[in-house]
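Chemist: Following the hints, put chains B, C and D in place on chain A, whose structure we already have.
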Amino acid sequence: MGTFLENLVTGAALGSIYALISIGMTMVYGLLKILHVAHAGVYVFGALLGLLAFRLTGSILFAFPAAVLGCALMGYLLYRFMYRRVQDEKPLIPLIVGIGMFTAMGDAYRLAAGPYSISFEHGLAQTGIVLGTFHISFNQVLVIGSAAALLVLVWLMVNKTKTGLAWRASAQDREVAMGIGVNSNYMFGLNFMFGSALAGIAGVLVGLYYGAVNANMGEVWAYKVFVVMVLGGLGNVTGTVIAAYLLGLAETFIISSWGYFLPRDAIAFICMILVLILMPNGVMGKRKQV
Amino acid sequence: MIPAYYHTIMTFTCINILLSLSIGVLAGYAGQVSLGHAAFMAIGAYASAMLTVTFKVSFWLAMPAAALVSAMVGLLLGVIALRLKEDFLAITTMGLNFIVIGVLLYAPYFGKALGIGDIPVPMLFGEEMGRGMYTALCLALVAGVVAAVWWLQRSWIGLAWRGIREAQDVAQVMGVNIAKFKIFAFVISTAIAGIAGSLYAHFLLFITPYDFGFPLSIQILTLAVLGGLGAIRGPVLGAILLTILPEYLRFIQDYRMLTYGLLLVLVMMYQPQGLFGHKSFLTEGLKRLFGGEEKIRGRAA
Amino acid sequence: MKKAIVAACLALVLCLPLAALADEVKIGFHAPLTGWAAADGQSALRGAQLAVEFINADGGINGNKVAMVYYDDRIEAKESVIVARKLIESDRVVGVVSGSYSTPTRAAAPIYDRNKVPYISTIGTHPEIPMNRDYVFQIAVMSPIHGRVGAWMAAETLKAKSAVLLVMDNDFGSAVTDGFRIMAPKYGINILKEYNYPLGEKDFRSLLSNIKNDNPDVLWASGYYEEAAQIAKQAKELGLKATIIGQEGYDSPKFFELAGDATNGVVITTNLDRGSQSPMAQKFLAEFFKQHKVAADMVAASAFDGMLVMAHAIKTAGTKPDDIAKAIGEMKNFEGVATGPLLAFDAQGVVTRYIPVQIVKDQAFTSLTVCKDPKLITP
Amino acid sequence: MDVLLEIQGLSKNFGGLKALSNVDITLKPKEILGVIGPNGAGKTTLFNCINGLYRPDSGVIRFEGRPIQALGPDRIARLGIARTFQNIELFANMRTMENIMLGRHVHMRTGIFRGAAMWGRRSFAGREERAHRLTVETIIDLLGLQAVRDKLVGGLPYGTQKLVELARALALEPRLLLLDEPCAGMTAEEKQDMIFWIKDLQDELGVTILLIEHDMRMVMDISDRILAINFGRPIALGAPEAVRRHPDVLEAYLGKQERREPAA
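Sequences listed follow chains A, B, C and D, in order. Residue 145 in my numbering sits at position 144 of the first sequence; the count goes up by one each step and never skips. Residue 233 in my numbering sits at position 225 of the second sequence; the count goes up by one each step and never skips. Residue 306 in my numbering sits at position 297 of the third sequence; the count goes up by one each step and never skips. Residue 201 in my numbering sits at position 211 of the fourth sequence; the count goes up by one each step and never skips.
Next up, chain A with everything else stripped away, as it sits in the complex:
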């Protein structure tokens, strides 16, 4: 019984991380129909900023605001000086631009922070809740808890605010939305900042969860998040969040019961290709809503 519960928590923690990263990417796809690969680079930037803040101030409380501010700024700059120029080109151009920027960012972090993992150790890591043989570590509680809080914030932002309405309208049909007065550039800039800030927090959480940050930690997540987006129905935030948790749990339980018959990301990609072919609108249904 303990193993099942532990796997459940591990899967939920993994799902939370997938969710936080993929929300930003799904919203950008919803609005601009661009696959924003560089988003994973923003996430790594968040982890590095968080580590820097933690090293300077000694407490992880400062790590989160540093990551949020830094990543929101980076997100906006990426939109303003990169994507805006190519957003109306054939979908291939922004995709390759994104991949190029992601590769460059990965290498830049390696040159700045060194090629090896840097410890993001904080005293509380070893404490946790113990119920008989069932252990939940502080890190897991931190990740799942903050993800839950952030998801509520995202839901409010998307469904209950004027900006959220503008985002949903633009996702349905950008021209029409602009026609009725949505200043798209401002909206998109804001969306990039919001999504990137989320990714920044996810970066810090992953840094804490694994107690380590390294320059190419973005690589696996960058492509895993594609799978989550496709499974969740592109541009569909609620669908993506559900798909994120499903993938996190599925991976954990598959590996726990059958071990690694294939590396983690190969398993995820097989699911993605099957969904892409069989259910083009993704598991969660209609592609259009946000």
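Hint data in this document are derived by calculation from the structure and do not stem from the laboratory. Check the hints yourself; a few may be wrong.
As the list claims (entries may be wrong) - Listed next, the in silico SDA-like pairs over lysine to any residue satisfying Cα-Cα at most 20 Å (straight line):
no. : chain 1 : residue 1 : chain 2 : residue 2
1   : C       : Lys125    : B       : Pro11
2   : A       : Lys91     : B       : Ala175
3   : A       : Lys163    : A       : Ile145
4   : C       : Lys302    : C       : His321
5   : B       : Lys188    : D       : Leu195
6   : A       : Lys163    : A       : Val142
Said to hold, decoys possible - If you anchor each label on the Cβ, the simulated ranges turn out as follows:
no. : chain 1 : residue 1 : chain 2 : residue 2 : range
7   : B       : Gly134    : A       : Gly115    : 48 to 54 Å
8   : D       : Val(-7)   : A       : Gly180    : 42 to 48 Å
9   : A       : Met280    : D       : Glu(-4)   : 38 to 44 Å
10  : A       : Phe262    : D       : Asn77     : 50 to 56 Å
Stated by the list, open to error - Derived coverage of chain A by chain B (criterion: at least 3 residues anywhere in the stretch with Cβ under 8 Å from a Cβ of chain B; other residues may be distant):
no. : stretch
11  : 108 to 118
12  : 181 to 188
13  : 257 to 266
All C-beta atoms, glycine included, are put in the ideal place defined by N, C-alpha and C.
Modeler: For chains B, C and D alone, coordinates are given in the frame of chain A:
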């Protein structure tokens, strides 16, 4: 005699030219992008290695067979590609790259993580090919593939491809069977990548799944995109530039992926047709410099 | 179109090297200075450079200074082949020492052997590297031996009765585990279950939950320091009681930096015995710490020894490849190294030496025991 | 074979919008049928149904007796049906020659491998290539496009682009040609040339033409019969003069008349 070190560089340049050309055919002509072409190089390399090591087949049979096996998987991907929009096709090929590496790592007969060792050097007239001979073989294959692609591009098959790339539905209205030509582009492209894989295996004599990871796919794409899709000279010169330059400029070595990444971004944003493609500043400049001696069927006026 | 091919040949011929001239003895070295294994690569380079300093300090080789020519192989087989050709043809080195893992070393070994250039692998332990290659030697112990000594130590020192194997899926990870899998039952250790994981995996919690269920006395986990740190941390988080047994892959200061006090109690078999009384070992550990402000690890010590063995062979036998190879092959009880006396080299060119076992006490490796049983330590 | 194209009860709707509702057409070989109607009446939708871009919701389209409404555009093109588009659909960064050559695509017999196997002028591929080039050259001469033969189509003036699109359709050597407003945006003089060319097509090449055109004078002059459509429903079919005076047609174009004046 040219020292072996340059043979190594020449051989890797030839292999990169083939890989770059394979992307050139697929993306440049038929407008289908693959972000996982290292997977097809892997299939070619492993097919050729297994045929020569386990089944003792001679290289001269194994290499074409490797191209065929790679083309078969390419055919499968082509059929899948028909159902997918452009950018989703790109993600699928990316996924294929991870899956192929995963299969090579975990399926029993591919030597798992140990890879395949002591792959035989190709035999010619009874004894092992020397380093110079192997480079000559690579150059000959590059020449052959360039000629074949050049012919394809000029023939009506190339015309159909360009029609698909420019405006797929209009080409369809003109009677072009979109499915047939897209799949054909995949088959040709993956066959070339398979040949490159086979040459790589028989040069390095030792391959592991980790040689064909996703970063390699990015590099292959950079070679072609930087060079300029849509014209043969693009991928060829792009491959030469990006293989020789790092060897020559030592300081680039450590900043390799950073330079590739930034090049991709800048080229895609400001010069989508690539450095050596049509109308790129380099081609136009060279044309003005040499007074347009490069006759492209009276492009003047 | 012809223009493109002509341009291609022209560009290729242009790259001519600068012929280096000197009467110093040139020894080649390669290690992963970039890429995911860069931490070990840097450490190996520092060890090798320290060795060159020591050699030149006491008169170099018969009066000639030793010059080390090194390249980065980026832990890629392809790059290691290019580096091999460069060292042999352009730099014309007398011998080469590899400070890289098994895969790149495996790729380069046949090239050095065919060109009759003596090649010493310091941390690459894959059996294929020295296999029937007269010019290729390995001062790292064969990986299966670590497995055997691990089994012996688990039974004799830790008194373990049951074990679970957590195997990293690469050439190093599986070769090391073969030794343990064969020897453990002979010492009465029952292997309950075996799990494997891909190189670079970060999340072991789902496997560790199962292992906690299996409740073994010891957990034999093969991996490099990054995987090892995650395993140790996540095992502690999940409250796994079993002692974790590792191998030389764990032996790096990064292991402590990443896993902190979760590393206490971990036991590893390695080459560098921190408690060794040999004068050279103490001198090496002290000098390394003085220069780099961080404790030397097994990788640095092995690269250091590789250079010393190569230099010693050239000093005694001259610079002709066959003589160097013969000299290394016949080395007996060579004390002049940091990692304990090198007892002998077998026919395949693999060293036999005592295998020290270290245990982690407040984030530092301390000597636990040394395995001297010839039955276990000879390949 | 007295009927080339037969359409019965063709209707197509997008969601609630009834774009076409049970249109019937029978077309005899070598005939020119003009299709008129206000903007948005469903004329282009009719063309898109005939050439396979749209799949009709109900009704049958028979070409030379064979039902084709379920075929894809490329299969229909191969049967000998070509079309031009209302707003030009050319391959902008290809040259005029290549655009027209694509029209020859359906006639290229060289299989992929047979083409690769043969080489040089004598081979089958070489001979076929030359035959196609010859046909294209004659069409270029016919439509006076020599001057722009090797220019990128994107840069050509509007009128010339219309001609290139016509040339490309002709290169298909169609038996049925669907012309979607061929003269839109042309000068009077260019319109005159276009009328001559369309007449030549009918007389010399025996091509059956379905013509959408707003210029009443031209349609009346050139068409053998005319079909008028309004809000997707056929409202009149017959000789040009009869359709011109048909009350519904006048109403559709000029709006409701208070009193019904005798037609001028």
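Chemist: Please go over all the hints and tell whether each is borne out by the structure.
Modeler: Taking the hints in turn, this is what the structure says about them:
1. With a C-alpha separation of about 17 Å, the suggested pair lysine 125 of chain C and proline 11 of chain B falls inside the 20 Å cut-off, and the hint holds.
2. Distance restraint check for lysine 91 of chain A and alanine 175 of chain B: the Cα-Cα separation of roughly 12 Å lies within the 20 Å cut-off, and the hinted pair is therefore satisfied.
3. A C-alpha spacing of about 28 Å is found between lysine 163 of chain A and isoleucine 145 of chain A, which places the hinted pair above 20 Å, so the restraint is violated.
4. For the hint linking lysine 302 of chain C to histidine 321 of chain C, the alpha-carbon distance of about 28 Å lies beyond 20 Å, and the restraint is violated.
5. Among the hinted pairs, lysine 188 of chain B with leucine 195 of chain D is inconsistent with the structure: their alpha-carbon atoms are about 31 Å apart, more than 20 Å.
6. Using a Cα cut-off of 20 Å, the hinted pair lysine 163 of chain A and valine 142 of chain A is violated, with the two alpha carbons roughly 33 Å apart.
7. Separation of glycine 134 of chain B from glycine 115 of chain A is about 52 Å and conforms to the stated range, judged on CB atoms against 48 to 54 Å.
8. Distance hint check for valine -7 of chain D and glycine 180 of chain A: the Cβ-Cβ separation is about 47 Å, which falls inside the suggested range of 42 to 48 Å.
9. A hinted range of 38 to 44 Å holds for the C-beta pair methionine 280 of chain A and glutamate -4 of chain D, which are about 40 Å apart.
10. Remark: the range hint 50 to 56 Å for phenylalanine 262 of chain A to asparagine 77 of chain D is upheld by a beta-carbon distance near 54 Å.
11. With 3 residues bearing a CB less than 8 Å from a CB of chain B, the stretch 108 to 118 of chain A meets the requirement of three and the coverage assertion stands.
12. Coverage of a stretch by a chain is defined here by at least three residues with a beta carbon nearer than 8 Å to that chain's beta carbons; for the stretch 181 to 188 of chain A and chain B the count is 0, and the condition is violated.
13. Against chain B, the stretch 257 to 266 of chain A contributes 5 residues with a C-beta closer than 8 Å to a partner C-beta. That satisfies the three-residue criterion, and the hint holds.
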